[in-house]
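The residues making up each chain are set out below.
Protein chains: 2
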Amino acid sequence: MDYDVVIIGGGPAGLTAGIYCVRRGLKALVVERGSLGGKVLMASEIENWPGDRHVTGEELSKRMSDHAKGLGVEFVYNEAIMLGLAGDVKNVTLRDRELSCKAVILATGGQTVKASVKGEEEFSGRGVSYCATCDGPLFKGKAVAVVGGGNMAVEDAVYIDDLSSKTYLVADEIKAEESLQERLKKSGVEVLEDSLSEIVGSEFVEGVRLKSGKDLEVNGVFICQGSTPSTELAKQSGVELDERSFIGVNRDMETNIPGVYAAGDVTGGVPQIATAVGEGATAALRAYVHVKQG
Amino acid sequence: MDYDVVIIGGGPAGLTAGIYCVRRGLKALVVERGSLGGKVLMASEIENWPGDRHVTGEELSKRMSDHAKGLGVEFVYNEAIMLGLAGDVKNVTLRDRELSCKAVILATGGQTVKASVKGEEEFSGRGVSYCATCDGPLFKGKAVAVVGGGNMAVEDAVYIDDLSSKTYLVADEIKAEESLQERLKKSGVEVLEDSLSEIVGSEFVEGVRLKSGKDLEVNGVFICQGSTPSTELAKQSGVELDERSFIGVNRDMETNIPGVYAAGDVTGGVPQIATAVGEGATAALRAYVHVKQG
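Going down the list, the protein sequences come from chains E and Y.
Going by my numbering, the first sequence opens with residue 14, and the numbers climb by one from there.
Going by my numbering, the second sequence opens with residue 14, and the numbers climb by one from there.
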């Protein structure tokens with residue numbers, strides 16, 4: 014057996030799972046195809062990691078991965094392309110080799126849906142944000158545009174309107190549920206049936222241009238078009254998804270397959286670092302029980 | 014309305030809930046009858062708070078409560094003795110006054126069951142521990158006694174035996190489930206049908222004396238007799254408990270009463286700081302939706 018536990022994904026959920034596994038004396042590997050920290054790396058300023066009033070995403074990612082490395086969690090920068098989960102011995106196929114283990118934790122996260130317009134990448138973290146809960150308070154008293162027409166976009170627009178000087182909601186169509194549309198109507202949010210064409214600025218965002226040609230002077234742009242959980246690997250390995258297309262788990266982070274757990278954004282909970290670490294810890298402690306009973 | 018959200022309990026779950034509430038623009042109060050930080054304060058050394066390789070319980074509690082205070086969470090050092098939860102307006106009765114709010118988060122934690130023997134308090138944090146997951150690795154290569162006969166005590170003893178030089182399990186009776194008893198038999202743990210009478214040492218724990226008069230030379234004593242969730246207030250207010258006598262919640266931390274949420278140890282999840290903060294964040298964000306829809 015190569016490992017007790019293989020963890021797929023090195024964001025906060027995966028790193029925390031690793032920390033908990035090795036402290037329990039398990040041999041644990043984290044497989045990361047990009048960079049350790051996951052989406053946290055995109056956060057320029059984090060104000061809701063309990064105990065740290067201000068921390069950058071880069072710094073918190075480094076602290077968490079250093080913590081895991083220091084305790085003996087192993088890492089491989091590679092992609093898991095196939096999982097064999099049915100038996101007591103689980104197989105994890107990487108691009109160049111195959112590993113065996115007793116338990117697998119899926120912490121594959123999700124991909125934020127980008128606006129795919131000019132200026133988006135350039136101003137990411139400098140006025141462009143993908144998380145109103147995380148970054149909303151940084152735009153207190155400023156003008157912002159929220160992009161998207163779903164439940165999350167409308168809720169975020171109404172929330173940000175409470176603290177911004179002016180909030181625009183830009184969407185081809187508002188598809189949010191009725192109660193949210195009611196809240197939107199009662200709010201001060203200006204709804205524009207339009208779509209984003211470009212984000213402009215110098216050092217920070219200074220405005221957006223819409224498809225209609227209209228220009229808005231804003232300091233912040235929230236791209237609230239949801240995220241797509243990274244579930245390809247889970248799906249093709251027989252792990253069941255829930256009705257919202259996230260990996261289905263119970264409060265013990267167990268999936269439908271014994272010895273297979275999931276944690277973090279891929280499970281569709283509140284997409285926050287605080288919840289990801291909680292789920293990672295739970296998954297690891299349950300995986301420990303599974304490994305020792307096997 | 015005095016507050017949007019009143020949070021009962023100022024441990025990691027309650028403090029995180031406060032942080033998330035005020036960042037969402039809600040007026041939030043934390044009611045704490047003891048000290049901010051809750052059971053975390055009892056931890057001399059924490060090694061599993063992701064991103065901090067070593068931190069004391071006192072330091073982490075202070076960082077979290079300073080964070081909450083800095084953001085504008087309000088605190089009152091008092092006891093909630095009655096809750097009126099049925100209506101849209103919730104009432105929280107403190108010892109000296111009554112408060113109204115739109116949502117309540119119960120983060121009342123639990124009381125660790127003590128051994129109640131001489132030396133226990135004196136050596137708490139200096140060899141006496143109540144959490145094997147948290148403190149087990151600190152006793153690598155040392156001799157330890159685990160006290161308790163339930164599932165958790167047996168699991169902890171088997172786990173600690175992997176890293177200790179010698180592990181004793183002291184219990185009047187082993188009441189753990191069959192599969193754990195099997196693991197116990199296969200382990201190197203020495204089971205003593207006896208009970209603890211005294212913990213001795215100078216600066217740190219040096220041994221224990223049992224009721225039979227037998228002395229054990231150990232450096233660590235794990236009191237693993239479980240904890241009792243603090244649910245009196247919840248019960249008398251109509252909040253339903255689950256079959257294990259913890260507050261019953263779903264993954265959104267909703268209880269059976271609209272606008273009432275629970276988070277942290279009182280919900281019976283893995284009793285870890287990492288999970289408590291995740292539940293606190295989730296409860297706060299759900300409470301926000303409830304407050305704004307109300």
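No lab work stands behind these hints: they were computed from the structure.
Backbone N, C-alpha and C define an ideal beta-carbon position, used for all residues, glycine too.
Hints may contain errors.
Said to hold, decoys possible - Here are some chain E residues pointing at chain Y (derived, C-beta under 8 angstroms):
no. : residue
1   : T69
2   : K82
3   : G83
4   : S113
5   : A156
What the hints assert, rightly or not - In silico BS3-like cross-links for lysine-lysine, where the CA-CA straight-line distance does not exceed 25 angstroms:
no. : chain 1 : residue 1 : chain 2 : residue 2
6   : Y       : K153      : E       : K40
7   : Y       : K198      : E       : K188
8   : E       : K131      : E       : K224
9   : E       : K188      : E       : K198
10  : Y       : K248      : Y       : K227
11  : E       : K155      : E       : K224
12  : E       : K198      : Y       : K40
13  : E       : K153      : Y       : K153
14  : E       : K179      : Y       : K127
15  : E       : K40       : Y       : K127
16  : Y       : K248      : Y       : K224
17  : Y       : K40       : E       : K305
18  : E       : K82       : E       : K224
Checked hints:
Interface hint at T69 (chain E): violated, since its Cβ lies 12 angstroms from the closest Cβ of chain Y, which is beyond the 8 angstroms cut-off. Hint status for K82 (chain E) relative to chain Y: violated, with the closest Cβ pair at about 10 angstroms, above 8 angstroms. Against a cut-off of 8 angstroms between C-beta atoms, the interface hint on G83 (chain E) holds, since the closest Cβ of chain Y lies about 6 angstroms away. For S113 (chain E), the interface hint is violated, since its Cβ never comes within 8 angstroms of a Cβ in chain Y; the closest pair sits about 21 angstroms apart.
The criterion of a C-beta within 8 angstroms of any C-beta in chain Y is not met by A156 (chain E), whose closest approach is roughly 17 angstroms, and the hint is violated. For the proposed pair K153 (chain Y) and K40 (chain E), the alpha carbon gap of about 16 angstroms is at most 25 angstroms, so the pair holds. The straight-line distance between the Cα atoms of K198 (chain Y) and K188 (chain E) is roughly 60 angstroms, outside the 25 angstroms bound, and the hint therefore fails. For the hint pairing K131 (chain E) with K224 (chain E), the CA-to-CA distance comes to about 12 angstroms; that is within 25 angstroms, so the pair holds.
Only pairs whose Cα atoms come within 25 angstroms are accepted, and K188 (chain E) paired with K198 (chain E) is accepted, the gap being roughly 14 angstroms. Straight-line distance between C-alpha atoms of K248 (chain Y) and K227 (chain Y) comes to about 43 angstroms, which puts the hinted pair past the 25 angstroms bound. Proposed proximity of K155 (chain E) and K224 (chain E) is supported: the alpha carbons are some 23 angstroms apart, at most 25 angstroms. With a C-alpha separation of about 23 angstroms, the suggested pair K198 (chain E) and K40 (chain Y) falls inside the 25 angstroms cut-off, and the hint holds.
Of the supplied pair hints, the one linking K153 (chain E) and K153 (chain Y) is violated, its CA atoms being roughly 50 angstroms apart against a limit of 25 angstroms. For the proposed pair K179 (chain E) and K127 (chain Y), the alpha carbon gap of about 56 angstroms is over 25 angstroms, so the pair is violated. Using a Cα cut-off of 25 angstroms, the hinted pair K40 (chain E) and K127 (chain Y) is violated, with the two alpha carbons roughly 33 angstroms apart. With a C-alpha separation of about 37 angstroms, the suggested pair K248 (chain Y) and K224 (chain Y) falls outside the 25 angstroms cut-off, and the hint is violated.
Proximity of K40 (chain Y) to K305 (chain E) is assessed by CA-CA distance (about 46 angstroms); at most 25 angstroms being required, the pair is judged violated. For the proposed pair K82 (chain E) and K224 (chain E), the alpha carbon gap of about 47 angstroms is over 25 angstroms, so the pair is violated.
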